[in-house]
Structures are given as C-alpha cells and as structure tokens.
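Asker: Letter by letter, the chains look like this.
There are 2 protein chains.
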Amino acid sequence: MINPYDDTYFMKKALQEAEEAFDKGEVPVGAIIVVKDRIIARSHNLTELLNDVTAHAEMQAITSASNFLGGKYLVGCTLYVTLEPCQMCAGALYWSQISKVVYAATDEKRGFKALGAKLHPKTKVIGGILEEEASDLMKRFFIEKRNLN
Amino acid sequence: MINPYDDTYFMKKALQEAEEAFDKGEVPVGAIIVVKDRIIARSHNLTELLNDVTAHAEMQAITSASNFLGGKYLVGCTLYVTLEPCQMCAGALYWSQISKVVYAATDEKRGFKALGAKLHPKTKVIGGILEEEASDLMKRFFIEKRNLN
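Each protein sequence line maps, in turn, to chains A and B. According to the UniProt record's numbering, the first sequence is numbered sequentially starting from 1. According to the UniProt record's numbering, the second sequence is numbered sequentially starting from 1.
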C-alpha cells in the first residue's frame, strides 16, 4: 500500500505556512513538526512582527512541539522546513536531538552548512523536497519587496 | 577617572543571574545586555522549567533587549554571559548584529567555537572575564546534581 504521508505531503503543509508568512510581509519560511504522521506544531517566520531575530519558523516549532510533548527532547520527531536551517536553528535542533530534518530550498549564504554549524550526529537530514516551490516563493517575496521601495 | 562600569562589573551581574539559575536547579548560566552602561535585559537559563531547549539565557536576553529597544538589531549593545555561547545562541547573536560579546568560561565541547559556528564579522568577542567564578559555579552544579541521584 502506498503511504500518502510522505515527505512531499508534509512539505506541502510547511509551504502553506510559508505562504502565510508571505502574506504578512515576513520572509516566507514555514515549518511543521511531525510525530508518527501527526502534525504537532505549525509555524512561520515572525521576525518582523515580533521584532525579534529569534522568531524563525523552526524555533517556534521546536518550542511548540516541546509544549505539546511535555518534554524538551524531540527524539522520534521530524521537522519539515521550507528553507535550510540557519546556524541558530541548527543549534536548537542539535539540542533537541530531533530524529529527522527535511528542508526544501538550500540557503547558500546563511544556511548552517555554509556557516559551519552542526546538527546532532543522530539527526538524519534530507534536502531538496519541493525545492523549486520554496525557492520561487522566496524569489517572489524579494522581487515584490524591492518593487515596493 | 576610572570607569567603574567595566567588563568585570557587568559580568558580576551576569553571574548573579547564573546563581539564580543554580538555585532553580537549572544549568547555571546567566546573561545581561548593556547599552551605554545601562542594563536593558537580564536572564538566566530556564530550559528545565520551560521544557524548551531554546530557553538559554542568551536567547531570552536577545528577545528581551529587542522588546526594550523596539527593534530587532542590537548594534551598540554588549552581551555579558557566564558561559561561551553555543551554536544556537551564536547564530541568534549573528542575526542581531550585536556589537560586543563578553563571556566568562569557555565551553570546550558545546561552545560555538568548538562546533564551528560563527558570530557576525562586526561583533567583537572577549572571553575569560571572571572565568574561574563561572567555572566553579558550573562544577558545583554538576557535583551536586550527581550526588542527588
């Protein structure tokens, strides 16, 4: 039997969150956290609204999932995020010991890989799921932003 | 004239925060953020109480200082923290473009330097202010924790 709940299915949900960020004028990054095919956290970037550099989608998703689970370790969980995590988010994911991280677009300048930060050795990482959709949203955001100024 | 408000003066304030964390059974790390000799944020590690790996002293201090200033960039600010920041906190400090980071004890295993993460190129970094006091508090915490179990 085909499992409809694959990485693409969940990345679409993260993309919906990124679109919400877009509509609010935030850099469009969305994230969800999943345990056993169940979404336990949804979030999108809110750094502008909250005036806070720590309000990345992933950070909010980690806090939210920890609240849901009643514990600070996310072993058994998967994070889906539309952009490769930055150093800060990779560092938070490292502490959480999350089992799997799936991202869509690569961030060649500020992604954790480019800057040298590390995920936990037990964390499985997959990149490039719905990469084009996530990149297109990002490009559209920055084009619209430039045209407004 | 001697300026009483030097790095040691402010690190003592961060150490007081670390002691508060100690008294709550948290890994004893404290942080403050200063602008022009004025403390605008005080915090200590609350990862156990909040069940949240993102609740490091520095992260809370960044959020708090941003709220105080009404903006997400901390240019002109100095962070004093009793332990070398981890990757997550270094990543957050990177985004904040904070002008100066002063830490007490080095974290040889999980510090941002050991793991390869980077602060913003414009951020000045000083380590080792009141290092012994901060290390002693940390050692005392882990000895007491072992003896309780």
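Since the hints were made in silico from the structure, they are not lab data. Keep in mind that the hints are not guaranteed to be accurate.
Which copy? The list can't say, so a pair holds if one copy fits it or any two copies do.
[As the list claims (entries may be wrong)] Heads up, simulated SDA-like pairs for lysine to any residue below, C-alpha to C-alpha not over 25 Å straight-line:
| id | residue 1 | residue 2 |
| --- | --- | --- |
| 1 | K145 | F22 |
| 2 | K118 | T47 |
| 3 | K13 | I143 |
| 4 | K100 | R140 |
| 5 | K145 | G76 |
| 6 | K124 | D7 |
| 7 | K122 | S135 |
| 8 | K24 | Q97 |
| 9 | K109 | H120 |
| 10 | K145 | S64 |
| 11 | K12 | G116 |
| 12 | K122 | T47 |
| 13 | K122 | E20 |
| 14 | K36 | N67 |
| 15 | K113 | F68 |
| 16 | K145 | Q16 |
| 17 | K100 | I143 |
| 18 | K13 | L148 |
| 19 | K12 | V27 |
| 20 | K100 | L148 |
| 21 | K122 | D107 |
| 22 | K36 | G111 |
| 23 | K118 | E19 |
| 24 | K109 | P4 |
| 25 | K124 | E144 |
Asker: For the identical chains here, do K124 and D7 meet the 25 Å Cα criterion within one copy, between copies, both, or neither?
Answerer: within (13 Å within a copy, 41 Å between copies)
Asker: My question is about K109 and H120: at a cut-off of 25 Å on alpha-carbon distance, are they close within one copy, between copies, both, or neither?
Answerer: Intra 21 Å, inter 13 Å, cutoff 25 Å: intra and inter.
Asker: Treating 25 Å as the Cα threshold, decide for K122 and D107: within, between, both or neither.
Answerer: both (22 Å within a copy, 21 Å between copies)
Asker: Checking an output row: K100 and I143, CA cutoff 25 Å. Within, between, both or neither?
Answerer: neither (32 Å within a copy, 34 Å between copies)
Asker: At most 25 Å between C-alpha atoms: does K36 with G111 qualify within a copy, between copies, both, or neither?
Answerer: For K36 and G111, neither the intra-copy (27 Å) nor the inter-copy (33 Å) Cα distance is at most 25 Å.
Asker: Between K122 and S135, at a C-alpha cutoff of 25 Å, which is it: within one copy, between copies, both, or neither?
Answerer: Neither way: K122 and S135 sit 28 Å apart in one copy and 29 Å across, limit 25 Å.
Asker: First find the shortest C-alpha distance between K12 and G116 inside one copy, then the shortest across copies, and answer within, between, both or neither for a cut-off of 25 Å.
Answerer: This pair counts as neither: shortest intra-copy Cα distance 28 Å, inter-copy 32 Å.
Asker: I want to check one pair: K145 and G76. Are their C-alpha atoms no more than 25 Å apart within a copy, between two copies, both, or neither?
Answerer: This pair counts as neither: shortest intra-copy Cα distance 38 Å, inter-copy 27 Å.
Asker: When Cα atoms must be at most 25 Å apart, do K13 and I143 count as within-copy, between-copy, both, or neither?
Answerer: Answer is within; shortest intra-copy Cα gap is 24 Å, inter-copy 46 Å.
Asker: At most 25 Å between C-alpha atoms: does K24 with Q97 qualify within a copy, between copies, both, or neither?
Answerer: between (31 Å within a copy, 24 Å between copies)
Asker: When no copy is specified for K100 and R140, does a C-alpha distance of 25 Å or less occur within a copy, between copies, both, or neither?
Answerer: For K100 and R140, the Cα distance exceeds 25 Å both inside one copy (29 Å) and across copies (35 Å).
Asker: Give the relationship of K122 and E20 under a CA distance limit of 25 Å: within one copy only, between copies only, both, or neither.
Answerer: neither (31 Å within a copy, 33 Å between copies)
Of the numbered hints stated above, those contradicted by the structure are hints 4, 5, 7, 10, 11, 13, 15, 17, 18, 20, 22, 23, 24 and 25, listed in ascending order.
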